[in-house]
Amino acid sequence: MADNTHVGSTVSGLMAEIAGIGTDASRGGYSRPVYSSAELELREWFTAAATDRSLDVECDRNGIIWAWWNPTGAPLSDAVVTGSHLDSVPGGGAFDGPLGVASALNAVDILRARNIEPARPLALAVFPEEEGSRYGLACLGSQLMTGAVSVERAMGLTDADGTTFAELAARNGLDPAHMGRDDERLSQIGCFVELHVEQGRGLIDHGSPVAIGSSILGHGRWLLSFSGQGNHAGTTLMNDRSDPMVAAAATVIDVRRLGKLVDGARATVGKLDPVPGGSNVIASRVDVWLDVRHSDDGVVAALVADIAAAAREHAAAEGCTMTLTEASMSPRVDFDPALRGRLSSILPDAPILPTGAGHDAGVLKERIPTAMLFVRNPTGISHSPEEYVEDPDADRGGDALATVLAELLG
Numbered sequence: 342m343a344d345n346t347h348v349g350s351t352v353s354g355l356m357a358e359i360a361g362i363g364t365d366a367s368r369g370g371y372s373r374p375v376y377s378s379a380e381l382e383l384r385e386w387f388t389a390a391a392t393d394r395s396l397d398v399e400c401d402r403n404g405i406i407w408a409w410w411n412p413t414g415a416p417l418s419d420a421v422v423t424g425s426h427l428d429s430v431p432g433g434g435a436f437d438g439p440l441g442v443a444s445a446l447n448a449v450d451i452l453r454a455r456n457i458e459p460a461r462p463l464a465l466a467v468f469p470e471e472e473g474s475r476y477g478l479a480c481l482g483s484q485l486m487t488g489a490v491s492v493e494r495a496m497g498l499t500d501a502d503g504t505t506f507a508e509l510a511a512r513n514g515l516d517p518a519h520m521g522r523d524d525e526r527l528s529q530i531g532c533f534v535e536l537h538v539e540q541g542r543g544l545i546d547h548g549s550p551v552a553i554g555s556s557i558l559g560h561g562r563w564l565l566s567f568s569g570q571g572n573h574a575g576t577t578l579m580n581d582r583s584d585p586m587v588a589a590a591a592t593v594i595d596v597r598r599l600g601k602l603v604d605g606a607r608a609t610v611g612k613l614d615p616v617p618g619g620s621n622v623i624a625s626r627v628d629v630w631l632d633v634r635h636s637d638d639g640v641v642a643a644l645v646a647d648i649a650a651a652a653r654e655h656a657a658a659e660g661c662t663m664t665l666t667e668a669s670m671s672p673r674v675d676f677d678p679a680l681r682g683r684l685s686s687i688l689p690d691a692p693i694l695p696t697g698a699g700h701d702a703g704v705l706k707e708r709i710p711t712a713m714l715f716v717r718n719p720t721g722i723s724h725s726p727e728e729y730v731e732d733p734d735a736d737r738g739g740d741a742l743a744t745v746l747a748e749l750l751g
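Counting the sequence shown from 1 gives a position; our numbering is that position plus 341.
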């Protein structure tokens, strides 16, 4: 075994190393979209940290970074994989994604400090575009690897600047012709355990620093596009307008109203784009992005249908039209019961909690056994600069992950 144990390494210390990367002066928090300068700097940080630990680092054809610890030198198979992502939502918190990556690095240090050498391969993985903040499709890296999204659709996605994902991938050393489902890599993985900051309030009430994930709510994103008549804000009389902004605004109110009528539902409009977007212009089109989640996929579909019906009524009342396009839909995920049960036996005091947030572990679950660990977030606030994990809890989470990996690797 290489004598490169980072005796002083802690999860909180690793997080401090990257605290200045990708800060957003206007929004607060962090903005680290995929393949931005900030996300690329984080990828370099991870690669250097993994290399410093004598792990074998590679970037696969879908842009996923793998850092392997395989002391036996045997062909890669039945590997235990952990990790997360480094990209963020606009103005996001410090922990969503990087906490799982830092914990994975720290787990290697803990295992070596305990003189544990894996009998099966261990890999740390960093997945690109988990948040979907640049191309609107969450978990794009894991979806490409598993074949959950077609290569044709992924390559044709465009960002706000009109750059396709194919162009961006090529610019960052990937070959769009070779991206997509990777059965060879999937066949090497025995299970995947993702550690993540808690996104919601649960652990603070349980009095526990770490939880085991049970399931992910079914969730999707839809585009409601309202079209009307663009015109001059000063010369167009109020009664002569077909203003899609008015229809969009009424719909946003109804999203909240209708969402509150369904027990356990989450319905959100977090992004609204007027075209052309001038302050003295009546918009010709307004695009509204809708996010809906529930533990029952049928309820998600019904709620979206109700929202769409209300949107069409508001559009018609304003002399506008509305079209609905599904951008993505991820069915409810229940994590592998056998693997979850094993984690419960390893961490008997950890409560079992569901989550309303999507994760790469949820995508990978369709092909391999997956599980999740959540680390306490005292306020439950996430996707916000106020997202928070106390240093002792971050370190307890890293220790819990190392304990789990030690058992799985045994």
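Among the clues, some could well be false.
Keeping only pairs whose Cα atoms sit at most 20 Å apart, straight-line, the calculated SDA-like set for lysine to any residue is [as the list claims (entries may be wrong)]:
no., residue 1, residue 2
1, Lys-612, Met-586
2, Lys-601, Arg-542
3, Lys-601, Gly-697
4, Lys-612, Ser-367
Simulated DEER-style distance windows between Cβ atoms [as the list claims (entries may be wrong)]:
no., residue 1, residue 2, range
5, Ser-685, Arg-512, 40 to 46 Å
6, His-547, Arg-607, 19 to 25 Å
7, Lys-601, Asp-393, 47 to 53 Å
8, Leu-381, Ala-415, 29 to 35 Å
9, Ala-574, Leu-665, 25 to 31 Å
10, Thr-505, Ala-642, 35 to 41 Å
11, Arg-542, Ala-642, 36 to 42 Å
12, Gly-619, Ser-395, 55 to 61 Å
13, Glu-727, Leu-613, 21 to 27 Å
Derived from the structure by calculation, the hints contain no laboratory data. Ideal Cβ placement from N, Cα and C applies to all residues, glycine included.
Structure-based check of all given hints:
1. Lys-612 with Met-586: holds, 13 Å
2. Lys-601 with Arg-542: Satisfied, since the Cα-Cα distance of roughly 19 Å is no more than 20 Å.
3. Lys-601 with Gly-697: The given pair, whose Cα atoms are some 16 Å apart, holds under the 20 Å limit.
4. Lys-612 with Ser-367: holds, 17 Å
5. Ser-685 with Arg-512: 40 to 46 Å: holds, 44 Å
6. His-547 with Arg-607: 19 to 25 Å: At 21 Å between Cβs, range holds.
7. Lys-601 with Asp-393: 47 to 53 Å: holds, 50 Å
8. Leu-381 with Ala-415: 29 to 35 Å: Holds - the Cβ-Cβ distance for Leu-381 and Ala-415, about 33 Å, lies within 29 to 35 Å.
9. Ala-574 with Leu-665: 25 to 31 Å: Distance hint for Ala-574, Leu-665 holds at roughly 28 Å.
10. Thr-505 with Ala-642: 35 to 41 Å: violated, 30 Å
11. Arg-542 with Ala-642: 36 to 42 Å: Given about 27 Å between the Cβ atoms, the range is violated.
12. Gly-619 with Ser-395: 55 to 61 Å: With a Cβ separation near 56 Å, Gly-619 and Ser-395 satisfy 55 to 61 Å, so the hint holds.
13. Glu-727 with Leu-613: 21 to 27 Å: holds, 22 Å
In summary, the numbered hints that this structure violates are 10 and 11.
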